[in-house]
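S.K.: Here the protein sequences line up with chains L and G, keeping their order.
Numbering follows my numbering, with no gaps: position 60 of the first sequence is 60.
Numbering follows my numbering, with no gaps: position 95 of the second sequence is 95.
None of these hints come from the bench; they were simulated from the model.
What you are looking at is a predicted structure, and each value in this text was computed from that prediction instead of being measured.
Using N, Cα and C, we set each Cβ at its ideal position, and we do this for glycine too.
It is possible that part of the hints are untrue.
What the hints assert, rightly or not - Below, a sample of chain L positions facing chain G; criterion: calculated Cβ distance under 10 Å:
no., residue
1, 6
2, 8
3, 42
4, 65
5, 83
6, 103
As the list claims (entries may be wrong) - Looking from chain G toward chain L, a few residues come up when the C-beta cut is under 10 Å (computed):
no., residue
7, 4
8, 9
9, 12
10, 34
11, 36
12, 38
13, 43
14, 60
15, 62
16, 65
17, 69
18, 81
19, 83
20, 95
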Amino acid sequence: NAGVMQNPRHLVRRRGQEARLRCSPMKGHSHVYWYRQLPEEGLKFMVYLQKENIIDESGMPKERFSAEFPKEGPSILRIQQVVRGDSAAYFCASSPTTYEQYFGPGTRLTVT
Amino acid sequence: DQQVKQNSPSLSVQEGRISILNCDYTNSMFDYFLWYKKYPAEGPTFLISISSIKDKNEDGRFTVFLNKSAKHLSLHIVPSQPGDSAVYFCAASAEGQGAQKLVFGQGTRLTINP
């Protein structure tokens, strides 16, 4: 059973560009979560999605950030007009119906 | 507002001895607690969890203890092995608040010395 897949693993964007991060959950998992980790900090919750639904986006910045989990295909975290402060590691996690969340390897976004 | 706190940024333990990592929380609504281990440039790996209806859960070398009155949990690793060197994160969730989102502590870097 393949684990949570994230791509790209590393992404470099110039200020003002768009960043798209993709996440494929583990087989059989219908719950997807996105977290962000800034250097020397813990992970911070951003958004929780199920297929075609955003369940909880209380951790998402109000502007420039959006997430989706379509009926077909991976979940996408989209950051428009990136700024230097968006540089971080972005982790996706998935879960079946229990509390345990299984994390992908992360996407390291660098904004230059 | 740091709801989950790991007050020790780092811990160094001799191989074969017990490692004890601590975590405190402030939100009394938390009802499920998890420990994750993280190597550099990788995602967190789930280790062990405990429900608030229990005070202890054991899995091999790993045991988690929960003291609800003190709002404190700890992870014991015995015996410690060099491969245990990593950053350990404590996390908590509250079923009634935000559909299973996890609140993480800042992490403790554990180093096992040979």
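S.K.: Taking the hints in turn, state whether each one holds.
M.R.: Right, here's what the structure says about each hint:
1. 6: holds (8 Å)
2. 8: Violated, because the Cβ-Cβ distance from residue 8 of chain L to chain G comes to roughly 14 Å (cut-off 10 Å).
3. 42: At 4 Å from the nearest chain G Cβ, residue 42 of chain L passes the 10 Å test, so the hint holds.
4. 65: violated (16 Å)
5. 83: Because about 24 Å separates residue 83 of chain L from the closest Cβ in chain G, which is outside the 10 Å limit, the hint is violated.
6. 103: holds (4 Å)
7. 4: holds (8 Å)
8. 9: Hint holds; residue 9 of chain G Cβ to chain L Cβ min 9 Å, cut 10 Å.
9. 12: violated (18 Å)
10. 34: Holds, about 7 Å.
11. 36: Holds: closest Cβ of chain L sits about 8 Å from residue 36 of chain G, inside 10 Å.
12. 38: holds (9 Å)
13. 43: Holds, about 4 Å.
14. 60: violated (16 Å)
15. 62: violated (14 Å)
16. 65: With a minimum Cβ separation of about 18 Å from chain L (threshold 10 Å), the hint on residue 65 of chain G is violated.
17. 69: This hint is violated: residue 69 of chain G lies away from chain L, its Cβ roughly 22 Å from the closest one there, beyond 10 Å.
18. 81: violated (22 Å)
19. 83: violated (18 Å)
20. 95: With a closest approach of 8 Å, the residue 95 of chain G hint holds.
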